[in-house]
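Chemist: So the chains spell out like this:
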Amino acid sequence: AQSVTQLGSHVSVSEGALVLLRCNYSSSVPPYLFWYVQYPNQGLQLLLKYTSAATLVKGINGFEAEFKKSETSFHLTKPSAHMSDAAEYFCAVSEGINGNNRLAFGKGNQVVVIP
Amino acid sequence: EAGVAQSPRYKIIEKRQSVAFWCNPISGHATLYWYQQILGQGPKLLIQFQNNGVVDDSQLPKDRFSAERLKGVDSTLKIQPAKLEDSAVYLCASSLVLAGPSYEQYFGPGTRLTVT
Numbered sequence: 001a002q003s004v005t006q007l008g009s010h011v012s013v014s015e016g017a018l019v020l021l022r023c024n025y026s027s028s029v030p031p032y033l034f035w036y037v038q039y040p041n042q043g044l045q046l047l048l049k050y051t052s053a054a055t056l057v058k059g060i061n062g063f064e065a066e067f068k069k070s071e072t073s074f075h076l077t078k079p080s081a082h083m084s085d086a087a088e089y090f091c092a093v094s095e096g097i098n099g100n101n102r103l104a105f106g107k108g109n110q111v112v113v114i115p
Numbered sequence: 001e002a003g004v005a006q007s008p009r010y011k012i013i014e015k016r017q018s019v020a021f022w023c024n025p026i027s028g029h030a031t032l033y034w035y036q037q038i039l040g041q042g043p044k045l046l047i048q049f050q051n052n053g054v055v056d057d058s059q060l061p062k063d064r065f066s067a068e069r070l071k072g073v074d075s076t077l078k079i080q081p082a083k084l085e086d087s088a089v090y091l092c093a094s095s096l097v098l099a100g101p102s103y104e105q106y107f108g109p110g111t112r113l114t115v116t
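Quick note, the sequences are listed as chains C and X, same order. Under the working numbering, residue 115 is the last one in the first sequence; the count climbs by one each step, no gaps. Under the working numbering, residue 116 is the last one in the second sequence; the count climbs by one each step, no gaps.
Any given hint could be a false lead.
Example chain X residues on the side facing chain C (calculated, C-beta under 8 Å, incomplete) [what the hints assert, rightly or not]:
id, residue
1, 41
2, 45
3, 48
4, 63
5, 103
If you are wondering where the hints come from, they were derived from the structure by calculation, not from laboratory data. Glycine included, every Cβ here is placed at the ideal spot set by N, Cα and C.
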């Protein structure tokens, strides 16, 4: 069954520093991979997605992620953290088998940006 | 374009009571999803509809949870009777298509349920 692992529930980063959130996936078929962001009391918003095209995916708000099949990883990065990046981030995988695009989410990373 | 609407935003009930949540997806979106997000965890799919038919309800606790999507638009999720462990945020999402690599799920703000 498909699954993702996100380590470190809370991540603290200084304003202006690199943001790195790790995601490793498990899938029996070539996966579709997603990163979502959730601000307090709001629903999830798609940051970016990998759908078997380019392995380096650029998303909104300056985020990008690289798909590495050999490492079964899809880590999320942003070169310079901004205060507005404080939120919870979820990695998700979908196998899209038989037309079922069920998303399996990781436990999330709560990002705190320190001024 | 209006987003996914959910109501109520917050609900507090006692255990063994019943509760219902409502979702209105983005206009034209054929696929609708209900997720349960327990504090400290990622969302977990409960049920997925394609128009008014169920595609996947394998993780729905059918002894107490039910959902319907009449006319293929709005949907309701019901819990009867509620247990303490049902305390969570219930998220509704919709997508334009069921299958394919380019689909995207759009999420509503969620309903936060507290069972006391």
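Chemist: Evaluate each hint against the coordinates.
Modeler: To see whether the hints hold, each was checked on the structure:
no.	hint	result
1	41	holds, 5 Å
2	45	holds, 5 Å
3	48	holds, 7 Å
4	63	violated, 21 Å
5	103	holds, 6 Å
Consistency with the previously given hints fails for number 4 only.
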